[in-house]
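> Which chain is which? The protein sequence lines are Z and A, in order.
The numbering of the first sequence is the numbering used here, which starts it at 1 and goes up by one.
The numbering of the second sequence is the numbering used here, which starts it at 1 and goes up by one.
Check the hints yourself; a few may be wrong.
[What the hints assert, rightly or not] Facing chain A, from chain Z, some residues (calculated, C-beta under 10 Å): (1) Ile148; (2) Ala151; (3) His206; (4) Met213.
The set of hints was computed from the structure by calculation and includes no laboratory data.
Glycine included, every Cβ here is placed at the ideal spot set by N, Cα and C.
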Amino acid sequence: MNSVIGLVVWIVFYPLIAFTVGVFLGGYGRKFTARVQRRVGPSWIQPFFDVIKLMRKRTNISHGYMHDISLMMLVSGTMLSLYFIPVPGFHYFSQFGDFVVIIYLLLIPSLGMALGVGETANPNGSIGISRALQMLFGYEVPFVLTFIGMAMLNGTTSMYELVQIQQSGGIATWGIVTHPLLGIAALFALQGMMNEKPFEVIIAPHEIATGPMTEMGGKYMGMMFIQHLINLFVELTIYANLFLGGAKNWFELLFKLFVLFTLILSVNSVFGRFRTDDAMRFMWKIPLPLAAIGVVGIMLGIG
Amino acid sequence: MEKTITQRSAWDKVLTKLQKRSLWMLHYCTGCGAVELPPTMTARFDMERFGIMPMVTPRQADILLITGYLSVKTLKRVVLIYEQMQSPKYVVGFGSCTINGGMYWNSYATIKSLDQYIPVEFYLAGCMPRPEAIIEGFTELIDRIGEGKANSWEDYYKNYEFYRKNQEHVFGTIDTRTDIPDDAKYFKIGEVEK
């Protein structure tokens, strides 16, 4: 009975925790970029102020039924994938869904966005969506390959078991140490997945006016903001679980997310933006062969 | 007797305090005043520490910054942009050109006073205002939002006839694709006959 109550508490509070962590990560990201540019930067919880501001907008312009539904797909897809990711203290759902399920659920937000933005009929939005789906091919293929490598070696597709195996022998059994090729390939893919520069082709503010979000305002934009913040947590935690040995407690997990995000932000703040075809070319020239070599190495028993 | 604070208004007050920390700005840069914006945003003065960020689409913007003179043609675009923005929204007239025409007073092609066409929250005087003045103005705006006094956008719904008449006098009738009287009913602001 006690475990049931604990489970319910986790189900209710887990998205809130992810959102809070996302707020601090997002605020840290903006502060970090500002400091690199020698500015003071906004508050540490600036994304929280933005969400409140957007949710308190009085006008909400709907472009139709699909436009409204798409936001539900957006947020629910991210929330569902969140539940399947094991974190310290909560891995109940990871026994029902392995990594394949998470990859599948992570696609739902992109598709939902595509449907909703299609209805707004804004040319900038359509360009943004075509870029988003194109970039999906860019980063998803190396990312899935790296996971196939990890699954082949450890003989499991469950993320929780992967974490357990990696934690058994300290740093020496971490994915990034045992398979540096896969770890580095996934790091490139993560940069694209998180839509940071140089792969920031989807939002591209001064080029296509924030892309898919062009027609989104008020509460619509607020929902997208919330999804974005939860997504920060989701994507970083997936990488930490696969290659950085997961975490035994929340302090360790947050520290790993912080370090990983700092690495990504450092690349983000010194690079310009690739063109879409350049970004694709890069993704299929560097991370994909790296991941493929890594997988072949594991098949031959070298890695 | 002092007015009692109901739960609702107390909650509103808290949210307004949080809300004022985030303002997204759409800058409509026709005139020379736009030169003063890059230093305001970048390292020297850093507007982002107040939570003010440049934003590129009218749907997401809170502030519409009109930097400089408006010709008859560009006024039409400004009105279209203004009506696409989502309330609450604040228009800031930047530089003397928006106040009284400035050095374009004698021009046949520019409008003289911006507040005849759309409600203006406040003006930044000067030709052109320095970054210090811009930041001074925006902190004033932030304070007014926090106190719940920045309500100039409601004026467009209350006095739509007046603004519409002035606009049509300049550029004739256009279809802005925004039903202002209907929106006024939605906001429960005033009674607009039309």
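> Now tell me, hint by hint, if it's right for this structure.
How the hints compare with the structure:
Residue-level restraint check for Z/Ile148 is violated (minimum Cβ-Cβ distance to chain A is 40 Å; threshold 10 Å). Hint status for Z/Ala151: violated, given a least beta-carbon distance of 41 Å to chain A, over 10 Å. Given the 10 Å rule on beta carbons, the hint for Z/His206 holds: about 7 Å separates it from the nearest Cβ of chain A. Annotation: interface hint on Z/Met213 holds; nearest CB of chain A at approximately 7 Å, less than 10 Å.
In this structure, the hints that do not hold are numbers 1, 2, in rising order.
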